[in-house]
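Chains as they are written, first to last, in this note's numbering: chain Z, 1 to 329; chain P, 1 to 329.
Derived by calculation from the structure, the hints in this document are not laboratory data. Check the hints yourself; a few may be wrong.
In silico EDC-like cross-links for lysine to aspartate or glutamate, where the CA-CA straight-line distance does not exceed 20 Å [unchecked claim]:
| id | chain 1 | residue 1 | chain 2 | residue 2 |
| --- | --- | --- | --- | --- |
| 1 | Z | K174 | P | E179 |
| 2 | P | K143 | P | D9 |
| 3 | P | K277 | Z | D190 |
| 4 | Z | K174 | P | E175 |
| 5 | P | K218 | P | E311 |
2 protein chains.
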Amino acid sequence: MEEDQASADPVAAILAVLRKGERFLVCSHSRPDGDAVGSMLAMGMLLEQLGKRADLVTADRVPTIYRGLPGAESIRHALRVHGPYDAVILLECDGVERAQLRGLERFYLVNIDHHLTGRAYGQLNWIDHGAVSVGELVHRLAKAADATVTAEMATCLYTTLLTDTGGFTYGSVKESTFEVARELVLAGADPVGIARDVFYSATTSKVMLLGAALNNLKREGRLAWLWITHQDMVRTCAVEEDCEGIVNLGVGIAGVEVAVFLRELPEKHIRVSLRSKGKVNVAVIAERLGGGGHGNAAGCTLEGPLGHALEEILGELRLAVAVAFPVVV
Amino acid sequence: MEEDQASADPVAAILAVLRKGERFLVCSHSRPDGDAVGSMLAMGMLLEQLGKRADLVTADRVPTIYRGLPGAESIRHALRVHGPYDAVILLECDGVERAQLRGLERFYLVNIDHHLTGRAYGQLNWIDHGAVSVGELVHRLAKAADATVTAEMATCLYTTLLTDTGGFTYGSVKESTFEVARELVLAGADPVGIARDVFYSATTSKVMLLGAALNNLKREGRLAWLWITHQDMVRTCAVEEDCEGIVNLGVGIAGVEVAVFLRELPEKHIRVSLRSKGKVNVAVIAERLGGGGHGNAAGCTLEGPLGHALEEILGELRLAVAVAFPVVV
Chain Z
1 MEEDQASADP VAAILAVLRK GERFLVCSHS RPDGDAVGSM LAMGMLLEQL GKRADLVTAD
61 RVPTIYRGLP GAESIRHALR VHGPYDAVIL LECDGVERAQ LRGLERFYLV NIDHHLTGRA
121 YGQLNWIDHG AVSVGELVHR LAKAADATVT AEMATCLYTT LLTDTGGFTY GSVKESTFEV
181 ARELVLAGAD PVGIARDVFY SATTSKVMLL GAALNNLKRE GRLAWLWITH QDMVRTCAVE
241 EDCEGIVNLG VGIAGVEVAV FLRELPEKHI RVSLRSKGKV NVAVIAERLG GGGHGNAAGC
301 TLEGPLGHAL EEILGELRLA VAVAFPVVV
Chain P
1 MEEDQASADP VAAILAVLRK GERFLVCSHS RPDGDAVGSM LAMGMLLEQL GKRADLVTAD
61 RVPTIYRGLP GAESIRHALR VHGPYDAVIL LECDGVERAQ LRGLERFYLV NIDHHLTGRA
121 YGQLNWIDHG AVSVGELVHR LAKAADATVT AEMATCLYTT LLTDTGGFTY GSVKESTFEV
181 ARELVLAGAD PVGIARDVFY SATTSKVMLL GAALNNLKRE GRLAWLWITH QDMVRTCAVE
241 EDCEGIVNLG VGIAGVEVAV FLRELPEKHI RVSLRSKGKV NVAVIAERLG GGGHGNAAGC
301 TLEGPLGHAL EEILGELRLA VAVAFPVVV
C-alpha cells in the first residue's frame, strides 16, 4: 500500500518517512559530482530543519571545487555504513550499487533520482526524468515541507542546477528550470560566485590535461573521441576530478553527435565518459556495458588495454549512430 | 529637452523615435558576437511589427554559429552606410567608432548599450550596465511597445543572454536574468537547441587552435596568459571567430584573477582579449589602450610584435593586480 501512495504522491510519501523517523543516512554515488554533493548537503539541511539527525556519507572524497559549499566538511568518506538509521536516502543513484557503500541493503531505502536509467530499488522511489538535477527534487521536497530555503541551502541547490546542465546548456532545461534558478537566487544563491567556484577554478594540471587530451582527438563523421593515458595523468600531476568535462570538447564540435572520452586507470581498467547532442541515447549504451546515466551524458568502466576498450565502445557507437541517422538512398 | 526626457525615461523616448520615423538602420559593432547579432535581429523584428522598414548592417560578416538564427540572412555586410534613414540604432557599441561604418555621423543616432565603458555619443542614449546583454534591453523595449515576442524574436534574444553570460556564469547575472530567460523560453526559445548551436558547434580547427593556445599557456600568480601566432592560425585553418572563448581557459584556473589572450594578426597588429574574475576592472585597462568592454571582459588592439604587445599588457596587468590585491604586511 505504501508503494501505491508513493507512486501517487512520492513527495508526500517521502515527507511522511522523514517526519516519522529520527535518524537518517544521506548518501549519493561514488565519485560525487555537483548534483551529488549539492543535493546531499541540501537534504541534510532540510532534515536538520525538521529536527532530525542526518549523517552524510560518500564512498569518495568531495572534489576540491565543491569543498567551499556550505556544510561540505560534514560529508564523511566511508566504504561501509553502520546504523541505526530509520531510513537511508539515496540521491542520484540509478542503482543501489552506485553508492559503493557496503551495508546499505539492511536499511529502509528512499531512492530519489532523475536518471533515465533509474531503477526502483528502494522501498520508496521518486524518479523524475524531467528534473535537471536531483537538487531540483530536493528543492521541491523542501518547499512541500514548508522548510525555509536558506541562503546556504539555495547555494547548494543552485550548484546542482548549474553543474548538471553545464550552465543551462544541456539536459532537460526548460521554463521551470529558470523559475527554480530565480527562486534560488532570490533565496540568496550567488550565481556568478558559484559559477566562479565550480567552472572557473580549474587546477593548472587540469588545463594541461586538456591540452594532452586535445593531442589525442580523433573525428570520424558524427563521432569524436579523445583519451588520456595513466602516464598523461602522472606527467600533469592530475587527479581524477581534473578529467571532468573533457568529453565536452569532443561533443562541442559541429557535426559531432556523440563523443567519448577514455581514461586509463592505474589498474588498467578504462573509464569511459559519453556525451550526446540528443539524437543518440548514450544511457542505453552505457547501461549495456555495465554503466548508466542520462540520455545525453553517461558513463561506464571497461576492461583495458586502452586500444581494446576504444574499439569496444566505438563498435557500439558506430552502430548507434548508424541507427539514429539512417542513410537516405 | 529631448535629452532630459531620454534620461528620465529612455524607453519611452526611444519608442517615440521608432514610432515617428519610417526607415531605420540597425547596426552593431564590428566582429559581431551573439549579443550584437541577436539584438540586431530582434530589433529588426520589433521595427517590422511597428510597420517600419529596417536595414541591418555590420562591418564584418555574421559568424557561422549565429547564421542559423531567424533572419540572420537579412544582415548585410558593408563598410559605409547610405540613407535616407530617420534614425540609426546602434546596439552594443560603447563608441560610435566601434561599428566601423563610415557615414554614420550624418544621422540621428540612438545608442543602446550595456558596456561599462559606454559613452553618450548619440542624440538619444540608453546605457544600462545592469543588463546582461543589449538583447535584454531590446526585450524591455519590445514589451514596452506591446509587441508580440514571437518564437523567432525570443530565440534571438535568448541567444544574447546565453552568450554574453557564458551560460549564465558571468556578467551581471541576477534574479531578473532568470526571469527574462524564463519569459523567452515560454515565448518559444529552445534553450538546449540554442546552446547546441552556439556552444557545441566548434569547428575542428577551433578545437585544434585551443590545443595550440594551451601549449603557450603561462601562469604568474594571479595572472595567466596564452597566445597564438598567425602561423598557428594558418596551420589549423582557423578563422577569427575560432579564437572566441580561448581566454576563458586562462581565467578558468583557480587563483587566476585576470587572463589575457593575444592573437597575432596577419598585418602584425596584436588583438588582445582580457577576462577578469571581478576584482580587477579590465574595461579600464582596455580603454586606456584604445579598446573597451565590460568590467570582466574587454579587449583592445596593440602594436606588434607579439612579445612587445605581451610585455605592454602584462605591465598594465601586473600593476592592476598589485593594486587590487595589496600585500598585507
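In rising order, the numbers of the hints this structure does not comply with: none
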